[in-house]
Structure formats: structure tokens, C-alpha cells
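**Q** Sequence:
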Amino acid sequence: MIANLFVVGPAGSGKSTFTAAFREWMIKNEYEAITVNLDPGAENLPYIPDVDIRDIVDLPSIMEEYQLGPNGAQIVAADLMANFVEELKSEIDSYEADYVIYDAAGQIELFAFRTASKFIVDYLGGNSAILAFLFDPALSKSPSGYVSLLMLSSSVYFRFYKPYINILSKIDIISDEELQNIANWSSDWDSLYLSLLKENPGMIKELSIELFKALENVDAFRTLIPTSARMLYGYE
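All residue numbers for the sequence shown refer to numbering that gives the first Met the number 0, where the first residue is 0 and numbers rise by one.
No wet-lab data here; the hints were simulated from the structure. Small disclaimer: the values here were computed from a predicted structure and weren't measured. No incorrect hints appear here.
In silico DSS-like pairs for lysine-lysine, Cα to Cα no more than 27 Å straight-line: (1) 117 - 88; (2) 161 - 212; (3) 140 - 197.
With these hints in hand, go ahead and build the complete structure from the sequences.
**A** Structure follows, in C-alpha cells:
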């Protein structure tokens with residue numbers, strides 16, 4: 000069965016870099032894998048997509064035709080992609096790959112919170128779709144930041160209702176101590192709660208604690224997988 004991995008996460012979390020590195024790791028380990036770029040506004044990707052939505056949906060043309068700025072054109076493009084899923088799937092299927100890695104739009108709201116996106120994931124991924132939500136290490140290293148990303152990843156899961164994994168990207172840019180703290184929070188929720196209690200008093204702390212309790216009630220916690228594209232670490 001083909002595995003369809005949709006890489007999602009906040010802007011700057013390293014989705015395209017993760018996609019490039021994961022594909023490189025796959026090829027080195029003799030897996031048949033292809034990459035699919037689903038971001039019509041992407042520039043300077045660190046890999047050459049095997050299938051590229053930019054060949055079908057052209058952002059500059061949308062800006063000109065609809066008299067829109069870059070942000071408005073991104074929204075229109077996100078919805079227009081649904082019109083071309085058959086063409087995309089046909090091209091993807093022609094590779095007969097065992098693994099398909101989808102690089103989602105840079106701005107998570109354009110992918111996760113558009114009606115068209117759920118249709119795209121269901122159509123392209125079907126029952127073998129898996130969501131890989133990337134945690135930005137810069138935000139993850141504080142307890143409240145970590146909780147905010149847990150909330151966001153849970154929201155994405157709620158939108159698509161597909162199996163998902165949480166991935167900590169770019170671990171090479173944080174210290175060993177920071178990485179260990181994040182690992183502790185990931186494996187021991189009590190540790191995360193105690194760290195939240197130690198944060199400076201204020202609205203952010205109180206809100207984070209209440210969010211933690213809500214996430215705990217719906218069993219939203221997942222073990223976080225640490226990765227580094229630079230070191231090709233964590234992809235197994």
C-alpha cells in the first residue's frame with residue numbers, strides 16, 4: 000500500500016527542508032519515494048518536486064486575473080487546487096512509488112483551515128494519508144510555546160481526522176539542554192505541567208495551564224519525534 004505523508008506546520012517550521020531530507024533518506028535506504036509540492040506560492044525549494052502544483056496553479060497569473068495581492072492570491076490558489084486533484088493524482092500514480100511526501104503550504108491556515116484542503120487530502124491520500132505536524136524548536140523550547148503547538152497540531156487533526164505524528168524539526172539549532180527539556184515534556188505530561196507552573200505569572204501562564212488541561216481531557220498528547228535535516232537524523 001502507498002503511504003501518503005502530508006507535511007504540515009507553522010510557517011518557518013521547516014516543512015520544505017524536512018521534505019527534502021526525508022526524501023533523501025528514503026532514496027539512500029532504497030525506498031521508492033516521490034515529493035509533491037502543494038504550495039503554489041513556494042519559492043526556492045530545497046528539492047526538485049516530482050509533482051508540482053505550480054505547474055498547474057500559477058500564483059502571478061491569479062494575482063493578475065483577479066487583481067489580488069500575494070495573500071489574497073494564496074487564498075484563491077488554495078481553493079483552486081481542488082479543481083485539479085484528478086490531474087495531480089494521475090501524475091502521482093504514474094510514478095508507482097511506495098511513498099509520497101506532500102509539502103503543504105507555508106502558511107498553515109491556507110492548508111489546514113480551507114474546505115478545499117480536506118477534500119484534497121481525502122482524494123490524494125485516502126485511507127493511507129498520514130499527517131506529519133512539525134514543531135518549530137524555537138517555539139517548542141518554552142512550556143507555553145510547546146502547549147500552543149500541541150493545540151495547533153490537535154486542531155489540524157480535528158480538521159482532517161487522519162492519523163498524525165508530531166515531529167520536532169531542526170533540533171540542531173537548539174542546545175542539548177533545551178532538547179532534553181522538550182523530550183521530557185513529550186514523554187511525561189506531568190513534567191510539562193510542572194514546567195508550566197514555574198513560568199512567570201501572567202495571562203499566558205494561566206491560559207497555557209487551561210489549554211494543557213483541555214488537551215489532557217481529549218487525550219491530545221503525542222510523543223514528539225526529534226529530527227534534523229542537516230544530519231539526516233530521526234527519519235527512520
